[in-house]
Amino acid sequence: MYEEAPSAAVPGAVLWRAAARTDAVVLPDGCMDLLWADGRLLVAGPDTGPHPAGEVPGGAFAGIRLAPGTAPALIGVPAHALRDRRVELADLWPARAARRASGLVEGYVEGYGDARAGLEALARTRAAATGAPDPLAAEVAARLRAGEAVAAIARAVDLGERQLHRRSLDAFGYGPRTLGRILRLRRALALARAGLPFAEVACVAGYADQAHLSREVRALAGTTLRAYAAGADGANSETPPPSGSSTTA
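Using numbering that gives the first Met the number 0, the final residue of the sequence shown is 248, and nothing's skipped along the way.
Calculated directly from the structure, the hints in this document are not laboratory data. Small disclaimer: the values here were computed from a predicted structure and weren't measured. There could be a bad hint or two in this list.
[Stated by the list, open to error] Pairwise CB distance ranges (calculated): (1) Leu135 / Gly194: 32 to 38 Å; (2) Glu109 / His211: 49 to 55 Å; (3) Arg95 / His211: 47 to 53 Å; (4) Ala131 / Ala4: 20 to 26 Å; (5) Gly110 / Thr223: 44 to 50 Å.
By construction, the Cβ of each residue, glycine as well, lies at the ideal position given by its N, Cα and C atoms.
Based on the sequences and whatever the hints tell you, model everything.
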């Protein structure tokens with residue numbers, strides 16, 4: 000079971016819930032999540048490769064998936080410090096603040112039976128306290144999705160490439176080239192799942208050729224595009240918890 004819906008209160012965020020699946024994998028997408036898992040409040044950092052969904056114990060999950068570059072301001076931790084990690088919020092925040100955040104979400108669970116509204120309220124409250132995220136992150140992510148080269152993006156935002164890399168580490172958890180690869184992979188996987196021929200997937204998603212696409216799928220998703228599209232050996236059993244994966248089989 001998996002459900003998701005755009006947040007009405009947190010721009011660019013998606014609310015989701017899902018039952019636990021030990022046979023599934025979580026693929027990188029450049030996002031970070033606040034998670035509620037059996038009464039525990041966690042942060043899922045940005046991924047660089049596939050993760051087993053069962054690495055966070057729990058029978059059911061709820062989450063708010065935060066758009067690339069928006070989570071660090073809310074959480075108060077640079078994204079690179081959480082790369083490929085799932086961390087209890089209590090390990091990141093002072094004890095009192097963490098208890099207050101958990102109590103807020105728990106109140107929604109007890110009152111409405113749905114942790115997603117509590118996670119949304121927590122994110123909205125934090126956003127009001129911390130202010131808007133750095134607009135640079137949104138611009139860089141948008142330009143990467145459009146397929147722009149990193150050197151061109153650096154010129155457009157009036158930064159040197161090294162400065163852009165440092166800013167990207169804080170905002171996304173990795174440099175702009177890695178984020179660009181991940182965003183391109185997400186587009187390619189969506190096209191493949193929609194049934195587009197692989198050669199056409201490579202062309203539309205911006206790869207040099209089908210061989211280039213195949214190497215990137217293996218490197219970032221740990222499988223082959225054919226296995227992913229066919230659902231063989233669990234390759235297409237992608238699930239949102241406990242990261243920001245935006246699709247599920």
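Each hint, compared with the structure:
1. Leu135 / Gly194: 32 to 38 Å: holds (37 Å)
2. Glu109 / His211: 49 to 55 Å: holds (51 Å)
3. Arg95 / His211: 47 to 53 Å: For Arg95 and His211 the Cβ distance comes to about 50 Å; the hint holds.
4. Ala131 / Ala4: 20 to 26 Å: Given a distance of about 23 Å, which is inside 20 to 26 Å, the answer is holds.
5. Gly110 / Thr223: 44 to 50 Å: With a Cβ separation near 46 Å, Gly110 and Thr223 satisfy 44 to 50 Å, so the hint holds.
In this structure, every one of the numbered hints holds.
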